[in-house]
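*Asks:* Hints given; two lone chains; assemble the complex.
Which chain is which? The protein sequence lines are G and P, in order. Mapping the first sequence onto the working numbering, position 51 (from 1) lands on 51, and the numbers just tick up by one. Going from the second sequence to the working numbering is simple: count from 1 and add 1000.
These aren't lab readings, by the way, just hints derived from the structure by calculation. In this text the structure is predicted, and so the values were computed from the model without any measurement.
Label-pair ranges, simulated between beta-carbon atoms:
#1 60(G) x 1156(P): 37 to 47 Å
#2 37(G) x 1156(P): 46 to 56 Å
#3 183(G) x 1123(P): 54 to 64 Å
#4 61(G) x 1043(P): 37 to 47 Å
#5 94(G) x 1076(P): 22 to 32 Å
#6 1056(P) x 94(G): 35 to 45 Å
No residue lacks a Cβ here, since even glycine has one placed at the ideal position from N, Cα and C.
Each chain, letter by letter, is given below.
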Amino acid sequence: MLAAPAVLWLLAFMVMPCLLVLSYAFFQRGTWGGIEYTFTLDNFAHVFDPLYAKIFLNSARIALTTTVLAILIAYPAAYAISRAPRVRQPMLLFFAVLPFWSNYLIRTYAWIVLLNREGLLNGFLSFLGYQGEPLSLLYTETAVIIGLVYNYLPFVILAIYSTLSRLNPELMEASRDLGAGAIRTFWRVTLPLTLPGVAAGGVFVFVLSIGNFVTPALLGGGRFQMIGNLVYDQFLTANDWPFGAALGMALIAIMVALLFLQARATSHASGERQGEAT
Amino acid sequence: MSGMAKNRLPGRIVLLVVFGFLYLPIAVLVMLSFNESGLPTSWSGFSTRWYVSLAGNSEILHAAWNTLVVAIFATLISTVLGTLLAIGMETRARKSNGLEALAFAPMVIPDIVLAVALLTFFSRLNVATGLHTIILSHVIFDLAFVCSVVRARLKHFDFSIVEASRDLGASGWTTFWRVTFPVLLPSIIAGALLAFTLSVDEFIIAFFTAGPGRSSITLPMQIYSMIRFGITPEVNALATIVMAVSATALLLSQWLNKEQIQ
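Isolated chain P, as found in the complex (with noise of 0.2 Å):
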């Protein structure tokens, strides 16, 4: 054993290493967020000046606005639809490959192809983009993280049940609301929480899809605007809570994750 000690210290050293990386730049921009001068050069005293003036600025609460009905649309067509093709893949009699490919492209395929196939769609059909297009088009990348999600809980999931429940008479309606759900529901949770996060922080798409004019903006696009003409020691406060916001989301969905497989 303490043989096997002696071993972990470079292990320790290379995680340190590779954590401080991952966390140092967003340590420092929390940390800006509460600086008085908002400079990153010199630390002149704690302040929540920052947060102050973004909850007086009416652009990014509206922004921020449009940002919840998208994610909460978004994240209940989505969750409903990844919960049954989750279910329906698990439940066919043969793996059929062209449904495995159509589950996982939105995964794989680079976003800003999506956006401007997206872009090209709706313009094609004279469709007036808002926000119920990005709403539209954000479900097409969350309902396959909820697949996924939904699919890795399935295969630990004992069938046996839904025969007994079927060999006892109940119909299969039935069995789906008693016996299946509950079994399933914290993962679905989980994975609607994933849906969520994905959709408040998702840009490329919304970019493209929102249209012209700033009526149907998302957070994401306005702090793309504010990094892109000038930094406003703002962006700090609002980076800092959308974190806090995605952190908190997927602490959630990792804590269901661990509950169900336990």
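Bound-form chain G, shown alone (with noise of 0.2 Å):
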């Protein structure tokens, strides 16, 4: 068995921690911090406490807006790259995914030096005559939505171009022959058999801006907090782990959620092509 090693290291390293995790999350915060074995619900409980249901609600709707930003401006980008010459698209795509491998801490960074108060943007708007107060939207929940749509945008061009390239031309050929214009196509052949690779990159921005910690904390300043912050404070701040693993869990039952959607809905896509062809 080849794949032996892997999967030993696979369950030893990732399975189990998971699982040790997920356990805790089932027991008592000791006084003293730490974990007291008893068992209880009340760590699930507090998950939705009105107070950390806010967060989740914050957090879901910051993700959700980031997501459907990243669509809007990934599709079309995805589409140019696919209408552009055959041998130019491998390098187009090259250099619109390679953003996405440079450190993400470094991308966040270059966010906070264009929108501070004294930054370029500001410096920008003077050069271009504005003469009103400088904008503040660095620890804004615009500058971490800016930071999230920047971060992940790459993946999404990456998860639209994939359908797009694999789209059967003939397809839009034929629509344009039965007398559909070109808009009448995008919108009833060409953006629907995209949807899945729509989905796909939407799920992923989904799940990776919802559990973030590192984009808040530094382009929203710390001020407001997302699922990720508050993970990161039950373990390193407040010493409550099995609270903090509760919020994690949280998260885990949220992208396993999606994806299982995902999965649903790609899936019923390509049944229902099936189905037509026969």
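*Replies:* Here it is, written out as structure tokens:
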């Protein structure tokens, strides 16, 4: 079994730790921090406490806004790449994805430089003749969303491009031959057939955004919390590991649910197409 | 054809805007790293002083050394494990959904969750944390990426040459080293370069598994604390170097992948 060493590694250092942290969610926090091994469901109830539920909803809203914006920017870009001359497509795609592989902290830090009150955005605005108060974008929700969209955009471009490039061009030609205009062909043929790619990219961005703690900490200035920051605080500041564990499991639950829905939607879409073909 | 050319204009504008958005922040950082004053507001002349002061910063050099140690070991282990996993998965008679999920999971589990799980795990087992625990943790996601790169190559692999080799009397071992391995080598190196880049850049898991104290701090941890505790222009220089290393590794990785497809 060639796969055995990797499987053992993943079982020992990924599955086991995740199961352990899950088990911690069912115990009580000790008086001085640490774990008291008394079974309880309080930690999960705690997650639904209005105070924390609000952070969940807030995170979900930020993640959803990020996802929608990323898709709105990525789709035209992926479409333009798929329409570029064939020989140039791999290069365009490579340079679209290259920033994604550079350090996440550095990419986030670059936005501090740009959005700062003394930063380049305000410098540019005053250069254009803007006289009013400098915009203070840094340490706002807008800054967090800009940072998240920026960081995950390359992946969405990649995901959408991969479905666009696999699209049979004859389908579009057929639509045009049957009298549909370019816009109608896009809405009725191209877009529906590329929705699996949009969904894959979207789910990825949503999952990564909702659990993110670096971007809210740096671009939000730690002023408002997302679930990731809450998990971080429970483990490294409040020393309430059981509650932190329950929060982490809630994140995993959201992720699994979304991946499941996405897989269902994708197989449904391909099943439908096969059904039509037969 | 002229009609087609006319249609390309909107696409070009879209690409120009999106690529501008993607590269402007990076370009600004690189420019600032060579700015005498180091402040974003004004350009006061070309200077390499921030690079010089980086070279004299023993804390950063120590972090860079740690990062290199972690990345090299994590890459070596994950390349071997990831390649074996890929071959194991592709040569199985039946597709196993459990195996697929296990290999795919490290790419999708939110890193904060994996980080706290590992912290919990090491503390439960009373394992002293340090560079070794970071290496161990980095292997988890590194091997997933190596596996996916090698698997992509195996999808185009003509297994009949393996059969031919066996028919001609070569043992399984000889066939692997003389036939399968040379064909896979470019993608294995490409996967290794990817793992190296990921390991150099990874922050959250390293942050949680490094343990207290500054002895096992890595570059991303150093960058994080530099950003949090006041921006010094040295960060721009450090960021530029780290990005240059990542970009070089990726260009190499891409080039190797391209070679093999042709």
